[in-house]
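Participant: Protein chains in written order, with this note's numbering: chain Y, 621 to 1139; chain C, 621 to 1139.
Accuracy of the hints is not assured; some may be wrong.
Intra- or inter-copy, both count: the list cannot distinguish identical chains.
Stated by the list, open to error - Pairs of lysine to aspartate or glutamate, DMTMM-like flavour, derived with a Cα cap of 25 Å: (1) K652 with E691; (2) K787 with D940; (3) K865 with E1034; (4) K732 with D895; (5) K865 with D1124; (6) K787 with E753; (7) K1052 with D714; (8) K1120 with D717; (9) K787 with E951; (10) K1002 with D987; (11) K793 with E1034; (12) K652 with E697; (13) K771 with E743; (14) K663 with D1124; (15) K644 with E691; (16) K644 with E690; (17) K771 with D735; (18) K1008 with D790; (19) K884 with D776; (20) K1008 with E951; (21) K1029 with D987; (22) K732 with D930; (23) K884 with E664; (24) K652 with E690; (25) K663 with E1123; (26) K982 with D1045.
Worth flagging that the hints you see were computed from the coordinates, not collected in a lab.
Protein chains: 2
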Amino acid sequence: MENVDSVPARFDMTKYKLYSGRVKCFDIEAGKFIAVLNEREAKENSIFTGDRVVLSAHGKEKVAIVDLSEEVVERGEIGLFADTSSELRVHEGDKVDVRLVGVPDSIKVIRKKMDGVPMNAPEIATIVHEMMENRLSETELAAWVAAMYMKGLNSDETVALTKEIVKSGDTLKLDRKPIVDKHCAGGVAGNRTTMVLVPIMAAAGLYIPKTSSRSITSASGTADTMEVLAPVEFSIEEMRRIVLKTHGCMVWGGAINLAAADDKLIKIRHSLSLDPRGVLLASILAKKVSVGARYVVIDIPAGMGTKFEDMGSARSLAKDFLNIGSRLGLEIECLITDGTDPVGQRIGPALECYDVLEALQKFTPHDLLDKSCQLAGALLEKCGKVQKGRGYTAALELVKNGKAYEKFKEIVGEQGGNPNVKVTDLPIGTHKYVVEAQASGRVRLVDNRDISRIARAAGAPHDKGAGIILHCEQGDKVSKGDLLFEIIAESESKLDFAVKLHEDINPVRLQSVVLGKVD
Amino acid sequence: MENVDSVPARFDMTKYKLYSGRVKCFDIEAGKFIAVLNEREAKENSIFTGDRVVLSAHGKEKVAIVDLSEEVVERGEIGLFADTSSELRVHEGDKVDVRLVGVPDSIKVIRKKMDGVPMNAPEIATIVHEMMENRLSETELAAWVAAMYMKGLNSDETVALTKEIVKSGDTLKLDRKPIVDKHCAGGVAGNRTTMVLVPIMAAAGLYIPKTSSRSITSASGTADTMEVLAPVEFSIEEMRRIVLKTHGCMVWGGAINLAAADDKLIKIRHSLSLDPRGVLLASILAKKVSVGARYVVIDIPAGMGTKFEDMGSARSLAKDFLNIGSRLGLEIECLITDGTDPVGQRIGPALECYDVLEALQKFTPHDLLDKSCQLAGALLEKCGKVQKGRGYTAALELVKNGKAYEKFKEIVGEQGGNPNVKVTDLPIGTHKYVVEAQASGRVRLVDNRDISRIARAAGAPHDKGAGIILHCEQGDKVSKGDLLFEIIAESESKLDFAVKLHEDINPVRLQSVVLGKVD
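One chain only, chain Y, in its complex shape (with noise of 0.2 Å):
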């Protein structure tokens, strides 16, 4: 007997269950693996909805996540998707082999994680791998990363995940030397150094094979920016054969199959908004690791408005980069930068090339070419290519000498993209609304988040010419009527909507002697 109530321990009845079908196919795509089986006759084999099923077929496998119909499929059928029936490779009426997938491994492991018990190297490798291969739902995955957060990780732990998930993907094999890399921990709208420092370093004789991510929700990721000026999906051949070259590349990691098992991470970690330290080291120094990288510069960007307020936390983060990272063969330095302001004029992927193309060849906006010298600086002295405390000269002499913007334009063209690019050609917005200071006072903030808000509103980052152009920062005085930004779209609507989202927040801050009044 059983009341519903009691959630017995599950039984593998893997090695009993079996049952064959013929194909049926759908013609759409899923999304993801589905096998659409018939209700009762998958009852009557104990599967229900969400089971993972192991379906055969020509001697390929693919785990599927089960469906259950009534109408569709009949007796002795087994529907496929699209996406199923290609990977699989079979057609209409083909026979396909069912096998319950049982119960994961990583199930008893995650509970005992729950209850506060570390979790060794072949656990973490146990989990990880059935992860890769599909057999754990979203919701043990969830579990998985809630557990994570609410129980930490040890740096054992955190040291094994890193290992897996490097093992989990491809990895860069250059077979030269030093190789360098570098990381952000975001949260600050513009700052686009990578795309100033990956040359610089370039031009110093290291490799950087840089990869970097889209926004999810930001204005502008280093990947949808560097997209305006050359493709930026690559094989991981190709990434090879570009570094080799030029000794520096600006890629989406995305399209690139290095530390597989993190982009599956991610995706958990985003829609539950959680961050377990542990997971977020490992997630990043994986990447490093897959690359070949030996030496890491760090920005964490602290203060207002960004994601680490207090220097206490920053710090902290930063002691977790240097441990794990050594643990890891990698010799890491981590810059706490000032995050309160948006670095670089401009926000937008258009934009924010403007002002790239601008710091290389003009040395303006100021602050992000100071930025980007202080991160290659403290790389370069990190390597030993030059001397300590000389890095950041030799690092703006690289720029200032025009071989930095020589190097830039090598990568451009050797991913495709007009090396000669002018920043008139840039296909910035032509809609425009121009914000004014609606009193006099000294500028107290200029919120990264708000500004991020209202230029993707304005259609960043899928339109490459919407954004921000920002006429004042933290510390300005303006006088009422000053220009303070301007909103740029590609459409009057986008456009539209953007000033209507300004209008409720308001992300440039006067100082004011009355914050509030109370009647």
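Place chain C on chain Y using the hints.
Facilitator: Same frame as chain Y, now just chain C:
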């Protein structure tokens, strides 16, 4: 700027984003509400795979999960599966509005719970409400259940959760008293006490509107067994009519919308094999409150092979039931029972009916009758129907004088079954395999879980006639060759399957001096 590594808090664009499209129908059920959007169009509107959107048409709204496709859905089209289009009452070409659901309010509460902050009643109401509206993803629900497991629920949280589960569904209004109910914590094979207890209580003049579950992983649930004799799927109005007429019923809870939120929670708990104590209590007690019960007897089987292997854990659960129950206005009696052995002689839907009919007419199997009368007696005493200490005798008397059997026939008839069914009419399988003792000795254990597994492999509960007939119980002395049990199936292939499983596991363990040998 942003790295995929950084997981920003999600921004609520609900009030800003909106677009419309024409319905494209897919003639297949998806099992859940899904909207297939054109990939580019959706991304321009910051809508991604897995997001929840509100679809609205003709003033009707429905929350659906987003799938993206570049091929099957063009710009301006919104692909809907059969279940979604029928729910929204739209047809090919109809106009549908799409709006992002926005970040559910529950997310913050779940995060706080993860951080160890107890939930207050309004927060629990928010989560249950959003869950019922399909606004929470499986990932989010899993995180919630994991947090409740890892951080526990205090009494206030448990009481609030129970009340919200009650509110989420219908309630039975009988306007009669006293209304009594019964629950079993599960884990024992056979154990069909409900079908003996319900007619006893009804014969005693009490009201017992009993809902039961179907099996998930056991050989049979009470609803599966009762269904051999009569239909068990009724609306709440039909249930009310049956109980008002006969004082009792034995129906399937799944067909009635009582404690609706519980079904969703059970799905998550089952897939994670997680049973947070507070959620278990809320789940069970919500059903009792929903039928208007005042007096409840709870059977907690303990002992080797059950869910409670020691008395301490069984007692702790009992105390929690009493504590939470009293705060909900329930008067609860908990009996901790010996669950080491299956109850009754037969396991499987039709086979268990055999035991029930025999118990009511011929007062055997003794253990089934005895346990049912113990539980019934406790309930008779609790509600003041008989004096303290006289419950068991009173219950047994109602069986012995035939009144319970008369009541049983009345209920079966009222539910649409044949009240005069005989044990020889039962659809018991004709394929049989006999298991004999391989040695002489005393029976040390008849394992509940293994017995259930074999019965399930033989086809139960889907094949109503499949199961096990036990010919021994714990403590019996058997000689080599004595009959231990029979496996019954409806087909030769299922029988083979069960026999194969039986050879791997060994449900009847004989006592032996040597427990193992180390070479």
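Participant: Of the numbered hints stated earlier in the document, which are not met by this structure?
Facilitator: When the structure is compared with the hints, numbers 5, 7 and 18 turn out to be violated.
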